Amino acid sequence: MPESSKIVREVKFHITRYNPESDRSPHIQTYQVPVREGMTVLDGLHHIKEHIDATLAWRYSCRMGVCGSCGMLLNGSPTLACNTQILHIAGTDLTVGPLPNFNIIRDLVPDLMSMLEKHRSLRPHIVRANEADINDPEGEFYQTPEELEAYLQFAYCIKCGCCMAACPTLATDTRYLGPMPLGQAQRYNVDTRDDGRNERNRVTGSSHGAFRCHYAGECSRACPKGVDPAKAIQHMKRQLVLDYLHLASRPKPCAKMHGPGSGRPLANVPPAPARTI
Amino acid sequence: MKETKYWTWHMAAGVVILFLLGLHMLIMHIGGITQLFAPAGGESISRENSLARDGQLFFTVTYIILLGVALYHGLYGLRTILFELTLKPATEKAISVLLLLVGLGLFGLGTWAAFTVHAIAVARG
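In the order they appear, the protein sequences are chains A and B.
All residue numbers for the first sequence refer to the working numbering, where the first residue is 430 and numbers rise by one.
All residue numbers for the second sequence refer to the working numbering, where the first residue is 126 and numbers rise by one.
Hints are supplied without guarantee of correctness; some may be wrong.
As the list claims (entries may be wrong) - Per label pair, the in silico range of CB-to-CB distance:
1) V437/A <-> L210/B: 42 to 50 Å
2) E628/A <-> A215/B: 21 to 29 Å
3) P463/A <-> G199/B: 53 to 61 Å
4) V437/A <-> M126/B: 52 to 60 Å
5) H154/B <-> L581/A: 36 to 44 Å
6) Q663/A <-> L203/B: 20 to 28 Å
7) T241/B <-> P680/A: 50 to 58 Å
8) E173/B <-> A600/A: 26 to 34 Å
No lab work stands behind these hints: they were computed from the structure.
Every value quoted in this text rests on a predicted model; they were computed, and no experiment measured them.
All residues carry an ideal CB built from backbone N, CA and C; glycine is no exception.
Next up, chain B with everything else stripped away, as it sits in the complex (with noise of 0.2 Å):
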């Protein structure tokens, strides 16, 4: 049943990813016609409307969201082609392990990331 878990999990993330990049899609790249929280106006992606991003605690949020449900997709996917090649059963765990090491790692990073940047455009007002 472990996989069983594991690969309900990928589903709910797919979904979750899926919500959140149509929500980046309309934020980034449609962002000039519907001007969704690009309070300085023009481009969705100038430096003023980015921080002013940045500074909601609701987007440093998404962001961290969107990054653990990737990072578990992703190297769940990757995990399920590598187990395609027959390998020793040592040899899954391991790479298992490694898969978990690495997500954690980006994870953190990138959660760290989120929140110094945050902090910065709190501080720039």
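Here chain A stands alone, though its shape is the one from the complex (with noise of 0.2 Å):
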């Protein structure tokens, strides 16, 4: 943030600090910080811990909406702080809370490990039945542009945890999936080049899959980078009814071609240069 940039007003940081090693519980902590023009709630905290308290936990990495690192509560609504201009959010006073639904790790970093673990149980990535497909690829998996929008809008996720944080079904029951994994895992069923549904039926129709969602729809509404996880999860329950009914149409994962058109590679192509690792 350029510092010749004019101090519009002061904001008054209300922080959620929490120190497991010495603190019982969290409480707030309440920072005075001149808001400039254009400055972002990540900038806010950053004017806080180097001028302030030096002592404020959180985590980023990117800065620009990339990495999904910096989900945080502000003024009571999941999303990122790099993203979120203070002055669009907040008047006199900015309430900063670590995610909600996730355990607290310190001050405002969450542990993001309960998602992802949800997350690797379905397998996020392209399950074909033959590996060598995947681990010693000789050609592309071509697929249509019908094909690709299918499944785009949920792989601009970002795993921020926005979405997990919004979930009013996961604020009661922890063992519910929740919306990013599913949304994820949907993201890969629609995907021609996978071939790994039934696979992931299995964990998606559990107990606390996929029928727990309610379609509250807030995951869609916090999520920064515009995904609309619900209508993955919807998506996925008639999927699932239809798989166990056999009604579904199960067209084969897209094969492999070794160029384009005839599927051998083109005269006029030289050779890929020889694999380094």
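With the hints as a guide, dock the two chains, each given alone in a separate frame, to form the complex.
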């Protein structure tokens, strides 16, 4: 933030502080921050750390809404601190807390492991019956623009955890898989290169899977990247029921091609360089 | 996939309930207008009309189906609500078994009642 821009107003940051080594429970600490135009909440936290209290802890990396590290609860809404300008959401006061529905590691740092373990349990990657297709690639998997469109918006997920923090079901049922893992499972289920839907159905169709979703839609509203996990989950429920009733069309995963058109490398295309790893 | 099976039947039961409740409304609540299944005439809920319906196997079977789907739909819904309280897996299992036993018990009792009333109605001609 350029120091030359003029200070618009002073904003009180009411920040949740918690150090598990010394505190019994989280408490609120207030800091006065001079806010300039264009200043993000992340900039405000940096100001506090540099000028007021060096012990404040939070997680961040890219500062441009890409890495998904700085998800936190701003004025009661889960969102990214780097993507939110203070003057857009605060008058004279701003509450900053860690993402709910997660344990707190310290201050504003949530423990995302529970989310990531659920995510991993759904095999969030392309699964092929023949593993050599993935491990020893010799060609490309071609998709039409329509096939790409089917999963593209779900692929914008940055795993920040804002949807998990906004989910009312997850607030009462900690074993519920949650919008991010389920949304990502659906992202791969509809990918024409993937062959892992049956395997994922066993997890997504379990007691604390997709059918626990009440369609509150808060996950989609909270997502800072515009992903719609609630939609993905509703599509998934439909797919699960159709799969159970054997009514779903199950096209084979798309085959690997060895070049555009004929399925063989073109004569005028030079061979790929030798592998380096 | 176990939950997918339960959920699918839960929805199917809902559709059947919708149809059978529609039939119930048609016969019992606007029966005065439609005179549907009211052979004795007058009010559909009169004793004579009730006995006439109970004497038909179609109605006995319909009552039992309605009882079965309503019990399944309701008890599965209750189980869903209880499961959101983050219970231990053993408690969840116990709840499932308990609800299954309660459901089977009530279904047995209701089926016995429906057939008993059917037999009485048939005996009275």
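Exercise for the section: Please write out, lowest number first, the hints stated earlier that are contradicted by the structure. Expected result: 5, 8
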